[in-house]
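*Asks:* Work the whole structure out from these sequences, hints included.
Residue numbers (my numbering), protein chains in the order written: chain A, 20 to 511; chain B, 62 to 190.
Do not rely on the hints blindly, as some may be mistaken.
[To be verified] Pairs of lysine-lysine residues, derived as DSSO-like cross-links and limited to a Cα-Cα distance of at most 30 Å, are as follows:
#1 B:K168 - A:K206
#2 B:K73 - B:K166
#3 B:K146 - B:K164
#4 B:K73 - B:K146
#5 B:K73 - A:K410
#6 B:K168 - B:K73
#7 A:K410 - A:K468
#8 B:K73 - A:K206
#9 A:K206 - A:K410
It should be emphasised that the hints constitute simulated quantities derived from the structure, not laboratory data.
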Amino acid sequence: MTEPLIFELSSPTRTTNYIDDGDVPARDVADLLPADALREGLELPEVTEPELVRHFTRLSQFNYSVDTGFYPLGSCTMKYNPKVHEDVASLDGLARVHPLQPEATVQGALQLMFELQEYLAEISGLHAVSLQPAAGAHGELTGVLMARAYHRHRGEDQRRIVLVPDSAHGTNPATASMAGCRVVNVKSNARGGVDLDDLRALAGAETATLMLTIPNTLGLFDENILEISDIVHHAGALLYCDGANMNAMLGQVKLGDLGCDIMHLNLHKTFSTPHGGGGPGAGPVAAAAPLAPFLPRPLAASRSTTGTVAYYLDYDRPLSIGQVRSFYGNFGVMVRAYAYIRSLGPDGLRQVSENAVLNANYLMRRLKDVYDLPYDRGCMHEFVLSGRRQKAAGVRTLDIAKRLLDYGFHPPTIYFPLIVDEALMIEPTETETRDTLDSFARALIEIAKEVVDKPELVKTAPHSTPVGRLDEVTAARHPILRWSGASERRKG
Amino acid sequence: MPEVRQQLKYTKEHEWVRPTDDTAVVGISDYAQEQLGDVVFVELPAGGTEVTQFETFGTIESVKAASDLYSPVSGTVVEVNAALKDRPELLNQSPYDEGWLVKVKLKDRRELDVLLSPTEYDTLIGSLE
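*Replies:* Following this line, the structure appears as structure tokens:
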């Protein structure tokens, strides 16, 4: 049932070229390029157009996406994105503007950027927003560079340590390293929050910032956020909040009110824009008033003269860390986020977080008797189960995840966060019905029974997918990255 | 039960160190390799690199996760286990012998005193099980 490689379908002289020769005289490529740029013996696949179309269509049908099924991948917020956003983003007036057009001819686009900045500032409870960063981790890097610039400006360039709780997003320590800082881990307490004594001991005159993922990767809102904020600020450091999980808090709490100085938002998670390969993404950064001068430039701004409002790009920001992305960021993504915020409104956005939290708690209660729940308290948008009971029976979390494929579900995130043994990190998101949650819960409960009754079935899963269990270890240790099977080409 | 080898010193981050005269061999414990699962890649410092006690000196990647390696001692790397480049599985098969990571010329032998004894390390991993 597997699909051959396009190279294996190839047969010499087959072609997809239906276009007539042009009326421009053909030149030999060897006359046009220097000898060292020419290569002989390139094995490009030769197939007919129907073979080509069928091959790639079949591959696309093997794909699993949120448009085909439930996708509870913890920490990733794989929610359904309304299709109307795509219509809006492809409107000519938005899709066909050029970044170098005179400002007077792109007032609508600038107004959209300006208003989106204002909305995100309102939602985060912070003073100003830059839309430039092109992804969440890019937003983090921007934020940490701003923190460095802020301390340097105040004559405290020695503040180069970034504190990162062990329940943070994995990108946080990577970001801090990229920004030239040293990472120091902060422990979690027994309730899954930041260990305050550890934080007190670590925060000091060399601390640049604490990077707090909130809610954290256990799906827990840190109850001690105000005290955390006090400890960090008392040490002269800043509180950076990783707002990637903002879909748990929309309209419920403004992190700026709780002492957050800088935060980033992931438009592709919270504000319903495409993920990953379907991107590009956007990771806007919001800053409290003292940090706002350090935001990347330009920001979209407005001025009012004789009663009419005009929008422009403000480059006059002398303390700015500079530009972090070509032009102004990924505009098409901003359009979708703007459409999402405007179509839902304040009540709708509040409903988003309520549903995200309700769905996660519902699923958590349905599963907590069958799988271990190391941090047993009300969760936010996601929760983390442990497969240690199943591991004791000889079946690992990886096997359970693979078996879920046979039930038609995308598996949750596994083995993360690292502080939970055999972790299953489940984020249902706010866009799922109770029926979907129930059928997913039934599948996981059924698999837990199979672990006891038919362990081999689980350990050798998946059984119903185009390919079975892949040898991930050999694939990682001895990867074969290039097809070289000319002699093995499929016959007939 | 994972093996805790005698005559070694351990860190809370599950590295071991075997000191000789003025050098020490560094690796990861049996418990660590068991928790990581199949190791697929190890990134180690080049010979001559300075390492600092309890700070990261490399990365270890398994099918589950990428993790930092923390140096149990300060000093200069004098030898790196080249076999791991092609056979990272040695870390799973033989964490205390063939799967060693680096040899370090010790800067200060007194640093060894703050490391865990085999008994203390055994108690630590017992509490994690």
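*Asks:* All hints are to be evaluated individually against the structure, with a verdict given for each.
*Replies:* Cross-check of the supplied hints:
1. Between K168 (chain B) and K206 (chain A) the alpha-carbon distance is near 29 Å, which keeps this suggested pair within the 30 Å criterion.
2. Simply put, K73 (chain B) and K166 (chain B) have alpha-carbon atoms about 22 Å apart, close enough for the 30 Å limit, and the pair holds.
3. Of the pairs offered as hints, the one joining K146 (chain B) and K164 (chain B) holds, with about 16 Å between alpha carbons and a cut-off of 30 Å not exceeded.
4. The straight-line distance between the Cα atoms of K73 (chain B) and K146 (chain B) is roughly 26 Å, inside the 30 Å bound, and the hint therefore holds.
5. As the CA atoms of K73 (chain B) and K410 (chain A) are separated by approximately 24 Å, the hinted pair is consistent with the 30 Å bound.
6. As the CA atoms of K168 (chain B) and K73 (chain B) are separated by approximately 21 Å, the hinted pair is consistent with the 30 Å bound.
7. In summary, the hint linking K410 (chain A) to K468 (chain A) is supported, as the alpha carbons are separated by about 13 Å, within the 30 Å threshold.
8. Taking the CA atoms of K73 (chain B) and K206 (chain A), the gap is about 13 Å. The hint holds against a cut of 30 Å.
9. Between K206 (chain A) and K410 (chain A) the alpha-carbon distance is near 25 Å, which keeps this suggested pair within the 30 Å criterion.
The structure agrees with every numbered hint stated previously.
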